[in-house]
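Dock chain B against the given chain A, drawing on the hints supplied.
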Amino acid sequence: MQLDAKVPGGSLTAKWDRHRFELKLVNPANKRKFEIIVVGTGLAGGSASASLAELGYDVKTFCIQDSPRRAHSIAAQGGINAAKNYQNDGDSIWRLFYDTIKGGDFRAREANVYRLAQLSTDIIDHCVAQGIPFARDYGGLLANRSFGGAQVSRTFYARGQTGQQLLLGAYGALMRQVAAGKVQMLPRREMVDLVLIDGHARGIVVRNLITGAFESHAADAVIVATGGYGNVFYLSTNAESANVGACFRAYKQGALYANPCFTQIHPTCIPHTGERQSKLTLMSESLRNDGRVWVPRNPGDIRDPQDIPEADRFYFLEEKYPSFGNLVPRDVASRNAKDQCDAGRGVGLTRCAVYLDFTDAIQRDGRELIAKKYGNLFDMYERITDESPYTTPMTIYPASHYTMGGLWVDYNLMSNIPGLFVLGEANFSDHGANRLGASALMQGLADGYFVIPYTIGGYFAGTDLPRFSDDHAAFKDATLAADAKTKKLMSIQGRRTVDNIARQLGRIMWEYCGMTRNTQGLAKAAKLIQELRAEFWENVRVPGSDKDFNKSLEKAGRLADTLDFAEIMVHDALGRAESCGCHFREEFQTSEGEAQRDDANFCHVALWEYNGEGRPPLFHKEPLVFENVELTQRSYK
Amino acid sequence: MKKLAPKINVTLKVWRQKNPDDPGHFEMIPASNISTHMSFLELLDTVNEQLTQEGKDPIAFDNDCREGICGMCGAVINGRAHGPEKATTLCQLHMRKFGDGETIAIEPFRARAFKIIKDLAVDRSPFDQIIQAGGYISVNTGGAPDANAIPIPQDVAEKSMDAAACIGCGACVAACPSASAMLFVSGKISQLALLPQGKPEAAKRALSMVRAMDACGFGNCSNHRECEASCPKELSIVNIARLNREFFKASFFSAEK
Chain A
1 MQLDAKVPGG SLTAKWDRHR FELKLVNPAN KRKFEIIVVG TGLAGGSASA SLAELGYDVK
61 TFCIQDSPRR AHSIAAQGGI NAAKNYQNDG DSIWRLFYDT IKGGDFRARE ANVYRLAQLS
121 TDIIDHCVAQ GIPFARDYGG LLANRSFGGA QVSRTFYARG QTGQQLLLGA YGALMRQVAA
181 GKVQMLPRRE MVDLVLIDGH ARGIVVRNLI TGAFESHAAD AVIVATGGYG NVFYLSTNAE
241 SANVGACFRA YKQGALYANP CFTQIHPTCI PHTGERQSKL TLMSESLRND GRVWVPRNPG
301 DIRDPQDIPE ADRFYFLEEK YPSFGNLVPR DVASRNAKDQ CDAGRGVGLT RCAVYLDFTD
361 AIQRDGRELI AKKYGNLFDM YERITDESPY TTPMTIYPAS HYTMGGLWVD YNLMSNIPGL
421 FVLGEANFSD HGANRLGASA LMQGLADGYF VIPYTIGGYF AGTDLPRFSD DHAAFKDATL
481 AADAKTKKLM SIQGRRTVDN IARQLGRIMW EYCGMTRNTQ GLAKAAKLIQ ELRAEFWENV
541 RVPGSDKDFN KSLEKAGRLA DTLDFAEIMV HDALGRAESC GCHFREEFQT SEGEAQRDDA
601 NFCHVALWEY NGEGRPPLFH KEPLVFENVE LTQRSYK
Chain B
1 MKKLAPKINV TLKVWRQKNP DDPGHFEMIP ASNISTHMSF LELLDTVNEQ LTQEGKDPIA
61 FDNDCREGIC GMCGAVINGR AHGPEKATTL CQLHMRKFGD GETIAIEPFR ARAFKIIKDL
121 AVDRSPFDQI IQAGGYISVN TGGAPDANAI PIPQDVAEKS MDAAACIGCG ACVAACPSAS
181 AMLFVSGKIS QLALLPQGKP EAAKRALSMV RAMDACGFGN CSNHRECEAS CPKELSIVNI
241 ARLNREFFKA SFFSAEK
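As given, the protein sequences belong to chains A and B, one line each in that order. Under the working numbering, the first residue of the first sequence carries the number 1, and numbering increases by one thereafter. Under the working numbering, the first residue of the second sequence carries the number 1, and numbering increases by one thereafter.
Hints are supplied without guarantee of correctness; some may be wrong.
Stated by the list, open to error - Each computed DSBU-like pair below joins lysine-lysine, with the alpha-carbon atoms no more than 35 Å apart: (1) B/Lys-86 <-> A/Lys-485; (2) B/Lys-115 <-> A/Lys-372; (3) A/Lys-60 <-> B/Lys-204; (4) B/Lys-115 <-> A/Lys-182; (5) A/Lys-547 <-> B/Lys-115; (6) B/Lys-86 <-> B/Lys-18; (7) B/Lys-56 <-> A/Lys-547; (8) B/Lys-86 <-> B/Lys-199; (9) B/Lys-86 <-> B/Lys-249; (10) A/Lys-372 <-> A/Lys-31; (11) A/Lys-182 <-> B/Lys-159; (12) B/Lys-86 <-> A/Lys-372; (13) A/Lys-31 <-> A/Lys-637; (14) A/Lys-182 <-> A/Lys-476; (15) B/Lys-204 <-> A/Lys-33.
To be verified - Some chain B residues close to chain A (C-beta under 8 Å, calculated; not the full set): (16) Val-10; (17) Thr-11; (18) Trp-15; (19) Gln-17; (20) His-37; (21) Ala-60; (22) Asn-63; (23) Thr-88; (24) Arg-96; (25) Asp-100; (26) Thr-103; (27) Ala-121; (28) Arg-124; (29) Phe-127; (30) Asn-140.
Unchecked claim - Derived Cβ-Cβ restraints for the label pairs, each shown as a range: (31) B/Arg-245 <-> A/Asp-339: 32 to 42 Å; (32) B/Ser-222 <-> A/Asp-301: 51 to 61 Å; (33) B/Met-28 <-> A/His-472: 32 to 42 Å; (34) B/Gly-79 <-> A/Thr-350: 51 to 61 Å; (35) B/Lys-7 <-> A/Pro-299: 28 to 38 Å; (36) A/Asp-464 <-> B/Gly-55: 28 to 38 Å; (37) A/Gly-614 <-> B/Gly-55: 25 to 35 Å; (38) B/Lys-97 <-> A/Ile-302: 21 to 31 Å; (39) B/His-224 <-> A/Lys-476: 53 to 63 Å; (40) B/Pro-200 <-> A/Thr-350: 31 to 41 Å.
It should be emphasised that the hints constitute simulated quantities derived from the structure, not laboratory data. Please read these numbers as outputs of a predicted model, since none were measured by experiment. Even for Gly, the Cβ is constructed at its ideal location relative to N, Cα and C.
Just chain A, with the same shape it has in the complex (with noise of 0.2 Å):
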């Protein structure tokens, strides 16, 4: 397969330039003539409708929930990164950009990771026109953060609810394009195919999740905007309709899938307390900024943490990493949390979890100062644990949160089905093989604001798109096929129920490809995750009708699509014979114990080619070239 990456020539630093000067314009006049399908309304898919329906694009954007609100984004704590150097403590856009590729573990493409950070300055300026209410200093200017591996404060912030403020901001603008008749907003809609006609992605079949009707929409491009599989593991900080079908879909398609086994797994999180259990909560990173975490150095040691003097506690983070400590990045933090407890030193209900301690901080800053920073994060952990972190050490261990993998696409964001573009956490560009924090933000609307209104003029302006509508046959396979999916589902009436079945695939790969990977466990896995998908066609049970609001059907036909793409997952992180970033094979490792790379052969993006039911998927790959930077072994020490 010839791939080609449509990285522009020239100096790094100059290339987006160049680039919009060389992608064609479409006539301002000539806009309205171009339909454009959205699928997701979060920062990516909210920021992306909004910015072509201002160009004068005709737009329909399509959400799983009842609002372009609720959208997953929404749930963004800590805050988003630009490289303002507000703060003047040696912050640009060339360490923004050497941060992100360095946490990335040199698995991510150098020109998207300049644009980006290149971008980040224009995105606080627009959301602060946008009435986004950032967080201030007295003096009436923007107050930052920092955040995990960065040694810069470059974070922008507003309050723990960062990601609501800036989709709400997007929400906006997307609302008053459509009351401006140029965004047809369709929500509880779940796109179950994309449509190609004659190579070109040309709309997409969705399912109405109220009445169960099929709906056909044609278009001239399609952006998927859907977001991660953070799900696969069932118990996730991710919201409960986060799936990779959109994803998926496409895939089968022919649309490459890069890296998924790149999962970032977020160190602090709400540790896992019961069977029924449905979801795992995220406590902000910034929370590292003045917790610090530790176990009790005696493995075995029940006392409770007040009463674990000093000499016997061990903050492993400070210890092991004297000049990042507690802020080494989420891969770093999430695999030593994962270490203490395998030696015996968890704590909490399940022994395994460890303190992440304020004790210090409030006893330095004050109650009030503290509260101020993490009130609301504070409050949300005492409802959600019944103990207060003013008085008793939080729990902490690490959870499944945000996926780097995605599907593949060019420096335009385009995948390799001409038409189809991938923003956001569902593509895989940026982040390499982990992401720092307060980034995801950044990367979702540098996509929908500021490089889809560029890229997609290119495309338009340069491919000949004859005219196509939605009754064309395409629509009507597409539609059989997705109805045969769904009276499949009902008619198996088995005994066990989706949710049953979707613990169970979480705990495979949670046990096996989870924080840490071997060859066995992922073989097992592979072979575990087979047996799964035999027990789940013959015996899962969807209750009620296909013609009626059903959740169970809406999960069910996710699971069908995750219970294959795991399987994807599993085969990537088997090839992948090195450690990098999130990927962490416990055969290569350095004396140390940190992710050892293999350069010489693993510095490319893994692509995956959708190669028939029950056959493996074909591999190709994109090599990554590194002509600014020198690949170094990653060190927080």
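Positioned in the frame of chain A, the structure of chain B alone reads:
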């Protein structure tokens, strides 16, 4: 040393309604062996798995983030929107707040403007329509000045953030005797009216959002403060006072119609 959570038995008295046209009724469903660590939605999940195994239709309810921020969940529990806990969405309400043997009444958010879709799921799209009427600053992407060009006093930014914390769940409407959406509308009006960036459109925004609210069939504020008491994000009715001021200013002293 943490202890295992105790288990309780409860009975759900839950509203069942097949579709918008069905008159609906209460159904009694027992739920046993419920860990008090569970959230209320996990209780509903558990009951739904049980109903599925028994060949019955599970209880339909909306939810998504399960961490109290998306605003998609919500029901009236024992007569209170989102249940008995202050500043807590339904997904963040935990079973430790209920007693063993208790009967728990569960109803959808009821209001003329919120059509019931099925069981506990309601249609809150009128909130989107109100925002479409002006809940934004009309700025196109590109061309914004530097983010620090206009300083905003910290207390103003904080008040704006207080108002912006609304999650659009609709509890305020469900709790209000007049099913008014004033707290919801006032959150957005206040957030934007307080900021210098929002001032140019303040008059137009106030008039048009209030008009949209009326058109959707929401009632007017009658100062019961039930909205404030039920709001999971603790929006203050100070915002309603600010909305009224903005509305009167716009009506009497601006050229906007």
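Outcome of the hint check:
1. Distance restraint check for B/Lys-86 and A/Lys-485: the Cα-Cα separation of roughly 44 Å exceeds the 35 Å cut-off, and the hinted pair is therefore not satisfied.
2. As the CA atoms of B/Lys-115 and A/Lys-372 are separated by approximately 39 Å, the hinted pair breaks the 35 Å bound.
3. Among the hinted pairs, A/Lys-60 with B/Lys-204 is consistent with the structure: their alpha-carbon atoms are about 27 Å apart, no more than 35 Å.
4. With a C-alpha separation of about 27 Å, the suggested pairing of B/Lys-115 with A/Lys-182 holds against the 35 Å cut-off.
5. Distance check on the hinted pair: A/Lys-547 and B/Lys-115 sit about 19 Å apart at the alpha-carbon level, within 35 Å; holds.
6. For the proposed pair B/Lys-86 and B/Lys-18, the alpha carbon gap of about 31 Å is at most 35 Å, so the pair holds.
7. Taken as a hint, the B/Lys-56 and A/Lys-547 pair is honoured in the structure, with Cα atoms around 16 Å apart against an allowance of 35 Å.
8. With a CA separation close to 33 Å, the supplied pair B/Lys-86 and B/Lys-199 stays within the 35 Å bound.
9. Between B/Lys-86 and B/Lys-249 the alpha-carbon distance is near 34 Å, which keeps this suggested pair within the 35 Å criterion.
10. The hinted pair formed by A/Lys-372 and A/Lys-31 fails the criterion: a straight-line CA distance of about 47 Å is larger than 35 Å.
11. Restraint check for A/Lys-182 and B/Lys-159: the C-alpha separation of about 33 Å stays at or below 35 Å, so the hint holds.
12. The straight-line distance between the Cα atoms of B/Lys-86 and A/Lys-372 is roughly 19 Å, inside the 35 Å bound, and the hint therefore holds.
13. Taking the CA atoms of A/Lys-31 and A/Lys-637, the gap is near 53 Å; set against the 35 Å cutoff, the hint is violated.
14. Simply put, A/Lys-182 and A/Lys-476 have alpha-carbon atoms about 27 Å apart, close enough for the 35 Å limit, and the pair holds.
15. With a C-alpha separation of about 31 Å, the suggested pairing of B/Lys-204 with A/Lys-33 holds against the 35 Å cut-off.
16. With a cut of 8 Å, the hint placing B/Val-10 at the interface with chain A is violated, because the nearest CB-to-CB distance is about 14 Å.
17. Checking B/Thr-11 against chain A by beta carbon gives a least distance of about 18 Å; that is not within 8 Å, so the hint is violated.
18. Taking 8 Å as the C-beta cut-off, the interface hint given for B/Trp-15 is violated, the closest approach to chain A being about 15 Å.
19. Taken as an interface hint, B/Gln-17 does not check out: its beta carbon lies about 11 Å from the nearest beta carbon of chain A, beyond 8 Å.
20. Residue-level restraint check for B/His-37 holds (minimum Cβ-Cβ distance to chain A is 5 Å; threshold 8 Å).
21. Using the Cβ-Cβ criterion of 8 Å, the hint placing B/Ala-60 at the interface with chain A is satisfied: the shortest such distance is roughly 6 Å.
22. The restraint placing B/Asn-63 at the interface with chain A holds, with a minimum CB-CB distance near 6 Å, inside the 8 Å limit.
23. At about 6 Å, the closest approach between the beta carbon of B/Thr-88 and any beta carbon in chain A falls short of 8 Å, and the interface hint on this residue holds.
24. Taking 8 Å as the C-beta contact cut-off toward chain A, the hint placing B/Arg-96 at the interface holds, the least distance being around 6 Å.
25. Using the Cβ-Cβ criterion of 8 Å, the hint placing B/Asp-100 at the interface with chain A is not satisfied: the shortest such distance is roughly 17 Å.
26. Interface restraint check for B/Thr-103: the shortest CB-CB distance to chain A comes to about 21 Å, outside 8 Å, so the restraint is violated.
27. The interface hint given for B/Ala-121 holds, since its Cβ lies 6 Å from the closest Cβ of chain A, which is under the 8 Å cut-off.
28. Taking 8 Å as the C-beta contact cut-off toward chain A, the hint placing B/Arg-124 at the interface holds, the least distance being around 6 Å.
29. At about 7 Å, the closest approach between the beta carbon of B/Phe-127 and any beta carbon in chain A falls short of 8 Å, and the interface hint on this residue holds.
30. Proximity of B/Asn-140 to chain A holds as hinted, the smallest CB-CB distance being about 5 Å (cut-off 8 Å).
31. Distance hint check for B/Arg-245 and A/Asp-339: the Cβ-Cβ separation is about 58 Å, which falls outside the suggested range of 32 to 42 Å.
32. Against the hinted window of 51 to 61 Å, the Cβ-Cβ separation of B/Ser-222 and A/Asp-301 comes to about 59 Å, which satisfies the hint.
33. Between B/Met-28 and A/His-472 the CB atoms are about 51 Å apart, so this pair departs from the stated range of 32 to 42 Å.
34. Between B/Gly-79 and A/Thr-350 the CB atoms are about 36 Å apart, so this pair departs from the stated range of 51 to 61 Å.
35. For B/Lys-7 and A/Pro-299, the Cβ-Cβ distance of about 31 Å falls inside the hinted range of 28 to 38 Å, so the restraint holds.
36. Under the hint 28 to 38 Å, the C-beta atoms of A/Asp-464 and B/Gly-55, about 55 Å apart, miss the expected range.
37. For the pair A/Gly-614 and B/Gly-55, the supplied restraint of 25 to 35 Å holds, since their beta-carbon distance comes to about 32 Å.
38. Checked against the given bound of 21 to 31 Å, the beta carbons of B/Lys-97 and A/Ile-302, roughly 28 Å apart, stay inside it.
39. In this structure, B/His-224 and A/Lys-476 meet the distance hint of 53 to 63 Å, their C-beta atoms being roughly 54 Å apart.
40. The supplied range of 31 to 41 Å is broken by B/Pro-200 and A/Thr-350, whose beta-carbon atoms lie about 55 Å from each other.
Of the numbered hints stated above, those contradicted by the structure are hints 1, 2, 10, 13, 16, 17, 18, 19, 25, 26, 31, 33, 34, 36 and 40, listed in ascending order.
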